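J.: Here is what each chain is made of, one letter per residue.
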Amino acid sequence: MRFVKPISMKEHARALALLAAAALLTVLAGKDFLRQHLVEDLWPSPALSARQWLSHWHAPLKGGRGDSEVFVFRGQEEGGRVLVLGGTHPNEPAGYLAAVLLVENLRVEAGEIWVLPRANASAFTATDPQEGTPQVLALPDSLGQPRAFRVGGRATNPLDQWPDPEITVHRPSLQSLSGVEVRNLNRSYPGRPEGFFTEQVAWAIHRIIEQEGIDLLVDLHEAAIEYPVVNALVAHERAGDLAAAAVFGLSMNGVEIALEPSPANLHGLSHRELGDALPGLQATLLETANPGQGRLRGRTNAEQLLLGKDPCYDAAQLIPGMNKVKVGPEGLPLAMRVGRHLDAVRELCAALELTRPGKAVRYTGPPTLAELDARGMSPWLRPVSGLDQPRKAR
Amino acid sequence: MSLWPLGLMLLFFILLFSRWRWPLGLALAAAALAGGLLQGVPFITTAQGGLPQPGSAIWRHLVEGAFVYIDPMLIMVAAFLFMQVIRENGLLSALTWWILRGLGKRPALLAMALGLFVAFPGMLTGLSTASVLTTGAIAAPPLRRMGLDARRTGAFIAVAAILGVVAPPVNLPAMIICAGVDMPYLGFVLPLLVLCLPLLAASSLWLAHGALKSGDAGAALDEVDKGPLQRHGLRLLLPLAVILVLMTGPRLLPAHWPSLGMPLVLVLGALTGLFTGDRVALRPAAEGALRQALPVMGILAGVGSFIQILTLTGQRGDLVLTVLQLPAWAAWLGIALSLPAFGAVSALGSASVLGVPFLLALLGKPEIWVCSGISLLAALGDLMPPASLACNFAAQVTGEKNYFAVARRTLGPALLAAVWALAVMAASPWLNRLAGGG
Numbered sequence: 001m002r003f004v005k006p007i008s009m010k011e012h013a014r015a016l017a018l019l020a021a022a023a024l025l026t027v028l029a030g031k032d033f034l035r036q037h038l039v040e041d042l043w044p045s046p047a048l049s050a051r052q053w054l055s056h057w058h059a060p061l062k063g064g065r066g067d068s069e070v071f072v073f074r075g076q077e078e079g080g081r082v083l084v085l086g087g088t089h090p091n092e093p094a095g096y097l098a099a100v101l102l103v104e105n106l107r108v109e110a111g112e113i114w115v116l117p118r119a120n121a122s123a124f125t126a127t128d129p130q131e132g133t134p135q136v137l138a139l140p141d142s143l144g145q146p147r148a149f150r151v152g153g154r155a156t157n158p159l160d161q162w163p164d165p166e167i168t169v170h171r172p173s174l175q176s177l178s179g180v181e182v183r184n185l186n187r188s189y190p191g192r193p194e195g196f197f198t199e200q201v202a203w204a205i206h207r208i209i210e211q212e213g214i215d216l217l218v219d220l221h222e223a224a225i226e227y228p229v230v231n232a233l234v235a236h237e238r239a240g241d242l243a244a245a246a247v248f249g250l251s252m253n254g255v256e257i258a259l260e261p262s263p264a265n266l267h268g269l270s271h272r273e274l275g276d277a278l279p280g281l282q283a284t285l286l287e288t289a290n291p292g293q294g295r296l297r298g299r300t301n302a303e304q305l306l307l308g309k310d311p312c313y314d315a316a317q318l319i320p321g322m323n324k325v326k327v328g329p330e331g332l333p334l335a336m337r338v339g340r341h342l343d344a345v346r347e348l349c350a351a352l353e354l355t356r357p358g359k360a361v362r363y364t365g366p367p368t369l370a371e372l373d374a375r376g377m378s379p380w381l382r383p384v385s386g387l388d389q390p391r392k393a394r
Numbered sequence: 001m002s003l004w005p006l007g008l009m010l011l012f013f014i015l016l017f018s019r020w021r022w023p024l025g026l027a028l029a030a031a032a033l034a035g036g037l038l039q040g041v042p043f044i045t046t047a048q049g050g051l052p053q054p055g056s057a058i059w060r061h062l063v064e065g066a067f068v069y070i071d072p073m074l075i076m077v078a079a080f081l082f083m084q085v086i087r088e089n090g091l092l093s094a095l096t097w098w099i100l101r102g103l104g105k106r107p108a109l110l111a112m113a114l115g116l117f118v119a120f121p122g123m124l125t126g127l128s129t130a131s132v133l134t135t136g137a138i139a140a141p142p143l144r145r146m147g148l149d150a151r152r153t154g155a156f157i158a159v160a161a162i163l164g165v166v167a168p169p170v171n172l173p174a175m176i177i178c179a180g181v182d183m184p185y186l187g188f189v190l191p192l193l194v195l196c197l198p199l200l201a202a203s204s205l206w207l208a209h210g211a212l213k214s215g216d217a218g219a220a221l222d223e224v225d226k227g228p229l230q231r232h233g234l235r236l237l238l239p240l241a242v243i244l245v246l247m248t249g250p251r252l253l254p255a256h257w258p259s260l261g262m263p264l265v266l267v268l269g270a271l272t273g274l275f276t277g278d279r280v281a282l283r284p285a286a287e288g289a290l291r292q293a294l295p296v297m298g299i300l301a302g303v304g305s306f307i308q309i310l311t312l313t314g315q316r317g318d319l320v321l322t323v324l325q326l327p328a329w330a331a332w333l334g335i336a337l338s339l340p341a342f343g344a345v346s347a348l349g350s351a352s353v354l355g356v357p358f359l360l361a362l363l364g365k366p367e368i369w370v371c372s373g374i375s376l377l378a379a380l381g382d383l384m385p386p387a388s389l390a391c392n393f394a395a396q397v398t399g400e401k402n403y404f405a406v407a408r409r410t411l412g413p414a415l416l417a418a419v420w421a422l423a424v425m426a427a428s429p430w431l432n433r434l435a436g437g438g
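Residue numbers (our numbering), protein chains in the order written: chain H, 1 to 394; chain S, 1 to 438.
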């Protein structure tokens with residue numbers, strides 16, 4: 001059957017006008033999309049010992065959008081090794097910025113801290129459709145000049161891995177997940193060297209832990225206020241004692257945090273899969289409450305992520321049991337969420353020494369929650385030349 | 001917190017669509033643009049990294065939202081191609097002949113068997129489109145020849161396809177909700193069967209039994225063109241075998257058999273069809289498929305932009321919160337109405353946007369049963385105007401021009417399904433105990 005009918009001049013004109021409008025839309029939107037491929041530089045503390053790329057542990061990632069910098073800080077004294085992952089989900093900015101503050105301020109005295117601030121670097125280059133996420137957060141550095149930090153999506157950029165299957169089958173458990181999870185780094189562990197792009201990123205992280213003898217993994221996340229596992233420390237069963245000690249330490253400092261066991265039947269998560277696969281590892285994950293992430297949120301923009309205030313969540317507080325975290329008039333500011341992560345990392349390191357003698361990891365430099373509450377993040381963001389900081393597209 | 005901007009956007013959309021005769025997709029995108037600008041989304045991008053905080057121009061949001069449905073769009077084009085090929089190579093008429101000969105004289109069995117047959121691809125893929133455009137296209141001719149009118153045939157196919165989406169083993173709305181609350185997609189088979197099987201039987205009989213009972217199977221059989229069957233025999237079935245094997249294989253042997261994805265599976269089925277029956281000219285068939293799919297692709301792109309602007313401007317959150325704030329007695333009604341209503345713009349979107357908070361609000365009841373009920377309510381969205389995806393495609397496979405008329409005929413079974421979903425959710429503690437759950 002042929003679908004050919006004569007086309008009038010008027011229809012030609014209309015089609016041309018629509019094509020022109022589509023081209024204009026492509027240019028206008030394309031500029032914004034391209035801008036998100038510009039990688040902001042991080043300015044590591046002078047105490048940095050080594051700078052590596054993720055592709056060092058899995059060569060096929062080299063030079064691609066899955067490759068990402070790993071910052072290594074070594075102390076004078078021997079001790080344990082800790083790997084901190086930020087940016088597993090770049091739409092959870094407290095995870096990324098806590099890792100950034102570690103990179104820019106760490107001075108390790110004992111043991112080693114490895115920081116991968118953009119664990120899923122590809123996901124920083126695209127935001128998730130229908131979420132309306134802002135692409136960039138601007139934060140003043142210690143001299144008051146703005147520094148731009150990208151906010152990406154939860155999943156790998158489809159330019160790097162597409163199309164999604166209808167059903168994601170997690171390997172090796174064969175658990176079924178919805179299709180989009182195939183691009184979720186935190187559903188792709190333990191990773192496969194020849195698997196999908198995201199599985200290869202997971203595999204590279206797996207290899208760091210395995211080859212470098214990492215003792216403690218801390219994966220930094222955020223979650224919606226209505227999500228049951230929020231303001232929480234999730235721990236693999238082997239990390240139970242360590243996590244309990246860290247929770248106790250945090251509570252002594254007035255930081256309330258729930259201790260959640262890693263679910264045994266939900267596969268692909270860093271704490272579950274890496275904890276199971278690597279006997280020497282204690283695998284943990286941290287969640288703070290982010291008002292810019294949930295389904296109940298109001299207007300979605302950078303202020304909401306920074307100030308942590310949202311009238312919809314204020315209203316939701318009147319629905320019994322809806323908000324899993326109390327939202328006060330001061331909101332849940334980003335500096336506070338970053339501070340919770342940094343305090344928890346500090347307590348986990350202390351607990352590592354406590355539970356595994358000889359594995360001490362001690363450091364100074366990054367701010368505490370109290371300091372961030374009082375002064376914000378700026379004093380700990382190293383000064384650069386503002387908006388014109390050198391950036392490269394990936 | 002107010003929903004008046006959403007009201008204005010909908011009003012503008014209705015004006016553009018019904019009064020000024022804009023295509024649905026364009027009208028939705030224009031309403032999204034107007035609504036966004038009205039609520040302060042910038043016309044040009046403010047300096048990235050500048051203070052106060054930067055914000056993208058509305059254009060990025062319109063494009064980004066529209067891209068959410070790129071995968072379903074590919075499936076649509078491929079499914080239309082498959083349908084076009086099996087129609088032209090004679091497979092469709094051969095299947096019609098077989099079905100009428102086997103079950104033509106047993107109308108109740110014919111109705112229920114065809115309902116299950118239509119639902120099958122949806123059960124494997126979680127997509128109503130896959131059902132409507134493959135087995136739905138095969139079921140339409142025998143139903144029409146037995147005297148069922150085009151609108152009712154369309155409704156029959158659309159409803160069966162929706163129930164296929166909800167039925168196990170693959171229920172995408174439930175999987176999306178599970179992902180939103182980090183719950184494994186395990187233990188859903190029984191609840192989903194309890195939800196779907198009675199509905200499938202009841203709705204198939206409701207929509208088709210009357211007409212099939214008074215139809216003349218013998219006369220209908222005589223009208224079917226048996227030429228392709230005589231010329232090519234069982235070889236005609238190969239394209240169907242190809243897609244069934246490629247769809248079922250990855251579900252049966254997930255460790256060894258990677259999924260090729262629905263678009264490729266359907267294209268391979270269509271290509272097989274070029275060599276197994278009457279001659280089919282590929283290019284016109286492909287052009288035809290694209291022309292049939294384009295209007296629906298336009299609607300999906302418009303829907304995507306519309307939802308992105310709703311999220312960006314906070315209207316999405318206001319909508320969810322409004323339903324959650326209803327008093328307890330009205331909350332169930334709110335859930336039953338809002339899930340399909342939001343599904344009218346996107347059933348999977350409804351599962352994600354409303355399904356997740358509703359499940360969280362109902363925590364304490366057996367989550368798997370409640371999630372199953374919510375997934376059925378969300379899936380019903382594919383029947384609701386303006387997009388009415390399932391009805392839109394079902395109208396195309398039955399030759400009906402007005403898909404709203406098809407949608408109207410699904411209203412009864414959809415209401416029945418909503419009531420059944422609510423009943424199962426309300427009785428979930430008891431059902432869970434009966435099933436041996438904790």
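Read the hints as simulated data drawn from the structure, not as lab findings. These numbers were taken from a predicted model, which means no experiment stands behind them. We put the beta carbon where it would ideally sit given N, CA and C, even for glycine. Be aware that a few hints might be false.
To be verified - Quick list of simulated restraints, FRET-style, between CB atoms:
1) S/Gly227 <-> H/His12: 39 to 49 Å
2) S/Thr46 <-> H/Asp241: 43 to 53 Å
3) H/Gly254 <-> S/Ser18: 51 to 61 Å
4) S/Leu15 <-> H/Lys326: 39 to 49 Å
5) H/Ala258 <-> S/Gly399: 51 to 61 Å
6) H/Pro172 <-> S/Leu38: 31 to 41 Å
7) S/Gly40 <-> H/Ala244: 46 to 56 Å
8) S/Leu15 <-> H/Pro172: 29 to 39 Å
9) H/Ala22 <-> S/Leu8: 54 to 64 Å
10) H/Pro228 <-> S/Ile44: 35 to 45 Å
J.: Now tell me, hint by hint, if it's right for this structure.
T.: Results for each hint:
1. S/Gly227 <-> H/His12: 39 to 49 Å: For glycine 227 of chain S and histidine 12 of chain H the Cβ distance comes to about 41 Å; the hint holds.
2. S/Thr46 <-> H/Asp241: 43 to 53 Å: holds (50 Å)
3. H/Gly254 <-> S/Ser18: 51 to 61 Å: Holds, since glycine 254 of chain H and serine 18 of chain S (Cβ atoms, about 59 Å apart) stay within the stated range.
4. S/Leu15 <-> H/Lys326: 39 to 49 Å: At 44 Å between Cβs, range holds.
5. H/Ala258 <-> S/Gly399: 51 to 61 Å: holds (58 Å)
6. H/Pro172 <-> S/Leu38: 31 to 41 Å: Hint violated: Cβ distance 51 Å, outside 31 to 41 Å.
7. S/Gly40 <-> H/Ala244: 46 to 56 Å: Given about 48 Å between the Cβ atoms, the range holds.
8. S/Leu15 <-> H/Pro172: 29 to 39 Å: At roughly 55 Å between Cβ atoms, proline 172 of chain H and leucine 15 of chain S fall outside 29 to 39 Å, so the hint is violated.
9. H/Ala22 <-> S/Leu8: 54 to 64 Å: Violated: the Cβ-Cβ distance is about 26 Å, outside 54 to 64 Å.
10. H/Pro228 <-> S/Ile44: 35 to 45 Å: holds (41 Å)
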